[in-house]
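Enquirer: Given next are the chains, with one letter for each unit.
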Amino acid sequence: MSFLSAQGILVFFLLGMVVFSFFSEQFLSQSNIMTVVRQASIIGIIAVGVTVVIIGGNLDLSVGSLLSFSTVLVVDLHDKIGPVNAILLMFALTLLIGAVNGFLIGFMRLNSLIVTLAMLSAIQGLVLIYSGGQNVDIANQQGTWFAFFGRGYVAGIAVPILLFGLLAIVVQVVMSYTGYGRRIFAVGGNPMAAVYSGIRKNWCVFSTYLISAFCVACAALVLGSRVMGSQNNVGQGYELLVLAGIILGGTSLLGGAGSIWKTVIGVLILGFIQNGLLLMGYPYYIQWIVTWVIIILAVWLDLANKRKRLLTTHS
Amino acid sequence: MTSLKGFFRGKTAIQPIWIFVIAIFIFFSFMSEYFLSLSNITNILVQTSTIGLLALGMTYVMINGNIDLSVGATLGLAASLVVGIQPLGLTVAVLAALAAGIVIGAINGLIVWKTGVNAFIVTLGAMIGVRGLIFLYTQEQSFYATNFAFADFGASTIGPIPVLAIIFLLCTLVMHLVLTRTGHGRNTFAVGGNPEASIDAGIRLGRHMMINFIIVGFFAALAGVLLASQMGAATPNLGRDYELWTITAVVLGGTKLTGGYGSITGTLGGVLAIGILRNGMNMMQVPAFYVLVILGAILISVLIIDKKLNAPSTKEVRI
Amino acid sequence: MFKKTALAASIVMMSTATVYAEGPYRIGITQNNVGVDSYQTTYESAFEAAAEANENVEIVVLDAGGDVARQIGQINNLIQQRVDAIIIWPTNGQAVIPAIRQAHKAGIPVVVTNSKIAEAGLEYIAAFSGPDNVQQGASSAEMMCDALDGEGQIVQISGQPGYTTAMERAGGFEERLAELCPGVELLETQPGNWNRERAQRVMEDFLTKYDRIDGVYAGDDNMGVGALNAAKGAGRADEIVFIGATNFAVGYDAIERGEYYGSIYQSPVDDAEAALQTALDVLGGQEVPKMNFFETPKITAEILGEFDRPVF
Amino acid sequence: MNPSQGNAVQRPPIDAEPVLRLAGITKRFPGVVALNSVDFDVRPGEVHALLGENGAGKSTLMKVLAGKHKANEGKIILGGEEMEFENPKHAKRAGVVLIHQEQSLVPEMTVAENIFLGSLPKKWGNRVDWRKLREDTNKILETLKCSFQHDDLVGSLSIAKKQMVEIARALVFTPRVVVFDEPTASLTDHEKPVLYDVIHSLCDQGVGIVYISHRMDEIFHLSHRISVLRDGEYTGTVNTCATSEDEVTRMMIGRSLELDHASKPSEFGDNMLEIRNLSVKRVFEDVSFNVRKGEIVGMYGLVGAGRSEVAETIFGLRTPVAGDVVLDGEVVNFRHSHDAVAAGIALVPEDRKDQGLILGMNCRDNMTLAGLGTVSSMGFMKGSAERTVYDKYQQAMKIKTPGWRQKVGNLSGGNQQKIVIGKWLHTHPKLLILDEPTRGIDVGSKAEIHALVKDLAKSGYAVLVISSEMPEVLGLSNRIIAMYDGRVTAEFDGDSVSEDELVQAITGMGKPSPTAAVTG
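From first to last, the protein sequence lines stand for chains A, B, C and D. Take the first sequence: its letter number 11 is residue 11 in my numbering, and every next letter is one higher. Here my numbering = 1-based position in the second sequence + 1000. Here my numbering = 1-based position in the third sequence + 2000. Here my numbering = 1-based position in the fourth sequence + 3000.
These are calculated hints, taken from the structure and not from any lab test. We put the CB at the ideal spot given by N, CA and C, even for glycine. Worth double-checking, as some hints may not be accurate.
[To be verified] Simulated coverage check for chain A against chain C, where a stretch passes if three residues somewhere in it have a Cβ under 8 Å from a Cβ of chain C: (1) 19 to 32; (2) 172 to 184; (3) 222 to 232; (4) 272 to 281.
The shape of chain A in the complex, shown without the other chains (with noise of 0.2 Å):
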């Protein structure tokens, strides 16, 4: 169902692909394919998170300065008190900031654009007060097993993209056939009408950004091991590319409603506008422009195809 309400920004995506394929013989060999799909594995995986949140009705921002905190954090520790306990200090302490914001949104009720913004100012702040500013890496890089999130191969397709797959599958099943998913829904579509039904709304918006902090927590761990070292300032700028790509697949940011299929397929569009341009050898700027132009089109294409589905189907 919600799939196929995504149908007219999976024309556009499949059109785009026929078009670059005209001019790079490689787009759409194997091998590219997976290797978008593997780069655009972090910013769905953190964009799932992200489109629970939007659907409860709510905006995160700090999705990027989470992503810095807690790269930085697995890695480092990952020497210091072996790759296990990292990873479960790295998830609990990002779950932690989540709850900071989730209970900031939820239980204090404040406008999620700025709670989320200045976040992303103040974990940026801790990053680099927790590294002292320097990069941080994974000296032994050969003979460890974290090498696995990033870099390995279950069956012959890439664990990020795995993992991407495995988490839009487990989220979109939550979101569409769990009394919780279906709570979120009611809270994002009409928070007032929500309470009225009895839903503990506050903690559903809290739960939400839970979630989102434990996409980016998983979008830590494959790009901690991806690079087997961070800056401090890796995820800058996420933020707004997963938004992009939620937006492009037809989320809208007003709540209530969407999907995590949409958001797959966003992220990939975005993917594959970079990669595409990459291979046709244009500069860095001209993809930038070219990305301005896709965006607004394939966005406006869809509204157009739901207003027309709309005056045929309604009755």
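Since the structure of chain A is provided, determine the placement of chains B, C and D on it from the hints.
Expert: This is chains B, C and D only, laid out in the frame that chain A set:
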């Protein structure tokens, strides 16, 4: 942020953000011997004038129910143009830069209006694309102003007060009057507050939306020109992340993200708050890493205090 | 050659010079973007340590966060505070000139560190102290030439677009490569924004696009290691020569393992100490040359032992 | 209470050339014919009531008239001239004004700015002429005898006052025809006379009034003629003085409606709800009453008397400063609506669209929202169980929808309300609180909901009905609690109380207000 309704019509005393501005002003005056001096205060005004000018336009767009993420990039483009075109004459260069801002604003407005695509995504696209235009035009180069009159203008003063600060304050005054006194200003509130009703009342939504995007584009360009004159140069990366600080300042000033409510006086307060915090912490030599955390924490504290002050405790349902 | 002994000697020289300085001096520094990479961070702590060690110096440390406008504001703040000297790590070589001119007018000597400013601004500064990035690019080109025997196809991953260091290194590299070995073809340049992950992604796309890549030049080792990661992931690391700049610990280790051909050794500690010393020299009334380059030698596997592993 | 008794004579039709005539109006939406060749006219100085069940096409017809929709066929003739309205402003300038059912005001603007929205007086180009604005506004507010100021923020006004602002807006251009769409839907009996006065004075000025309402009493009190629409078809026009409620009802729904006031529940059990000295700061004070099993208790009072707030406090949405809520013998004092729902309290809230429904969700999902636990296992929704629940209540309450996938926002008011009630029945509550259950709902649905409420009580539910409509309270309740200004002023037996007593109790004891004079 809206406890003192009707302030912008001069009905009530003081907006909460101004209390905060005064509080931190007093705090830093005690904490740093360099803080409280005329030259430092004008310094703050000059430093905030860039974000301030962006915020003026942003206030309009946000009251109108939209948002503009492309202001930073537009600022960068205008700065590069005004310095890059200077060999053809300073006036031509300034006009071209301002025109560029207006055109980008108009494009944003037109797309939002005609397609109905959310302003957030339209201007997010523009933010990326316009930055591309800057690099296309400058080919990665920074430009240095050959015309010293331009840089001198940026550094000039009238009496003890820098020209840039005066321009900023004048613009603030004008935009305040336009917002509170003119048909366009009032209709901007109407469109943001209740678009449906506005259409019924015959208000042309698209026109006001366009005008407001043009206004924000113009002010972004103006900020770019003035910043370039302050630096006597322009770099292609100028204005990165400014959109986030601008939005923060505007929201701190009490403008609602959902539209229909806000004021220029509040925005001025929000801009000054951020400017004073930055300047004061520089003066106190707070390490850069901690400044980020402190700014974030203060932002959230202000939100919480505001919430507590305006607690709807008895009149509204607890949800 | 810039070796451990040479380094030690130069520090001794510097500290003897301090004797002539009178004080105490208040010196303000505005850095480019601390925290964006380890070089700048190490620079900052080295600078603070050097100042700490000198009781004649009191410092005000500011960070522009990569934003030109904020840096100009900070310069104004420093003028405001009437420090005795200002050290600037320019976010941009052009844009800071008017602010430097103001400091100059206010009678405060300015020392530019690490990245050069444009010609037009030279008359307003007391001195420049830092590495020669154009020379570094050229040195990297020479190494590339050696490694490939003058024949091959290479790609370049440059730093953040629009930043002086990125442009100087790329410029120096491209120019020297063209004149030294025209047989090496530069296929494409894309920015990696000083970011390892970003560089890794760019390299992955290069690997898809080009069936044959013989060499990679990265604007710093951080990005170079990102490119190396990508090549390893594609199983093509063996056929590619990696050359970077600003030797990082990860790069140093990679050279040690033989995965990485070479880099440019540039110590932020030297950089910071040289800057502070230059400022003190200026304040002490000494005759200081306009351009003070500290040496940034090539580093490859054969001579690795002559260098300490970078701390960052 | 019934105005037709109070103000005596119903008005004879006015004999004059129509100021406005709609001829053969047809409006098609994709897949639906909303209006099929409808004729309608208004004479100057006349109140012409337009009746029809929800979905009959009244609102569409008025939107065509006011320039919001364009008719596919038909003519609009205003003052003998054929018109084609491009937009509402155009229609307004020509003298046709629609006063909306939905509030169409900008809450953050002043009264004056709202009244002149889109036509602010200007001087020197784009500058607003504030003095003229103030003077013009005051003139209009004076004719309407409004108690608020030109510079009050509309958001801070009560619903009734907002309604007056809407009406004031109609007077900006000298109107020839004014359309009132459900103007009293959110007004209390106390506030209605003011509106009636306005309508009368408009008539005296020769303005033609189109009056859309579900309330028979109002229509018979006000109108000269009545026209009826049914399923987009015009079924006829009658003179008010020559018809009866029965006849009009028959025209509307095609059958005669039996208004059954005699079938109240009569067997009561123990106390289900007991409120003891409940107080919420600055809202209501020292409220005590009880509701027994199988009993319907009506709570009657003006808007703002604190009725809804009492309900919200019982439901855990407000924090009391004193007093207890006792449910089934246990002191509960819920801190969250979730706990109240879990304990078996159901609240059908006052504002359907803001509080009752997620408009963007489909019918089924809204229906199961308050009882997700029963249609899921291990947290996973059971689609078949959900459908069963939906089908059960859809059939039981005869909810008209194209299917469960339909978005609730697309349903008529009556069907929306039934969904809300269904949502709560599904939770099998011990106590059912209904706050204005039939506001803005057509006659047919209203009767169905009334019957349903009585049946529920008879099957053992304890029911608390909050209403501003006296017939509703009288027709349903076993007992009536009257509230005034945050206090319970009296408690009456629902069968024996007189209308006078009730009106006095809700307007302040011993101080008969103008309302009493009009409605008594």
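Enquirer: Evaluate each hint against the coordinates.
Expert: Verification of the hints:
| no. | hint | in the structure |
| --- | --- | --- |
| 1 | 19 to 32 | holds (count 5) |
| 2 | 172 to 184 | violated (count 0) |
| 3 | 222 to 232 | holds (count 8) |
| 4 | 272 to 281 | holds (count 4) |
Violated hint for the displayed structure: number 2, the only one.
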